[in-house]
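Chemist: Take these sequences, add in the hints, and give me the full structure.
First to last, the sequence lines map onto chains A and B.
The opening position of the first sequence corresponds to residue 971 in the numbering used here, with each subsequent residue numbered one higher.
The opening position of the second sequence corresponds to residue 116 in the numbering used here, with each subsequent residue numbered one higher.
Worth flagging that the hints you see were computed from the coordinates, not collected in a lab.
Be aware that a few hints might be false.
To be verified - Short derived list, chain A residues pointing at chain B, Cβ under 7 Å: (1) ALA1037; (2) ALA1063; (3) PHE1068.
All C-beta atoms in this analysis are idealised placements derived from N, C-alpha and C, irrespective of residue type, glycine included.
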Amino acid sequence: RKEVEQDPGPFNVPEGATVAFNCTYSNSASQSFFWYRQDCRKEPKLLMSVYSSGNEDGRFTAQLNRASQYISLLIRDSKLSDSATYLCVVNNAGKSTFGDGTTLTVKP
Amino acid sequence: EPEVTQTPSHQVTQMGQEVILRCVPISNHLYFYWYRQILGQKVEFLVSFYNNEISEKSEIFDDQFSVERPDGSNFTLKIRSTKLEDSAMYFCASSGDRGYQPQHFGDGTRLSIL
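Modeler: Okay, here's the thing in structure tokens:
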């Protein structure tokens, strides 16, 4: 079983759509959780941290369920600029484990 | 906003040669990391470094690899005798703590082995 598993994608959605990405992790001792986005051939950029209480940043909402070892990211009112690969990242003792990523394409 | 910087942006090297990839982490960060990403594949952890020693390393980080913080600002990754399969994008990252704060990534060095 992969340490971090994401929806395989790709997701192709029209502008304005709401899209949700899911991620599961295998190590129950994992300390912290993040969503990054990666544009083609660029570095991963932090999108947001993920907390058990849920957190929101504008159109983006992240949620963590420690009992189910499940992380989600919701994007509302998708923009063309949201097209990227979204990476679920789980930290444990200083090591970040990345999911394979889910590619989102937002079309006009 | 402070950022992690990496040099060079692209390195082309003959197989069997040594390469050194350089990184300047964010100045008040204490934990440093190297990752690699082979074209079309996921980002893979190589090594973490704290207090002048390796904290964790993956199975990829074999004896061909080494890391060093030669002065107060640079953090380097050395590959002693490069192989074709070392061709990848190498990302340096830094963070303020060991696991709770997010890591911030440099824009990477593309390593091409001929």
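Chemist: The hint names PHE1068/A as touching chain B; please verify it with the least Cβ-Cβ distance against 7 Å.
Modeler: 4 Å, holds
Chemist: Interface hint check: ALA1063/A, Cβ to nearest Cβ on chain B, cutoff 7 Å. Holds or violated?
Modeler: 6 Å, holds
Chemist: With a cut-off of 7 Å on the beta carbons, see whether ALA1037/A makes it to chain B.
Modeler: 20 Å, violated
Comparing the model with each numbered hint stated earlier shows that hint 1 is the single one that does not hold.
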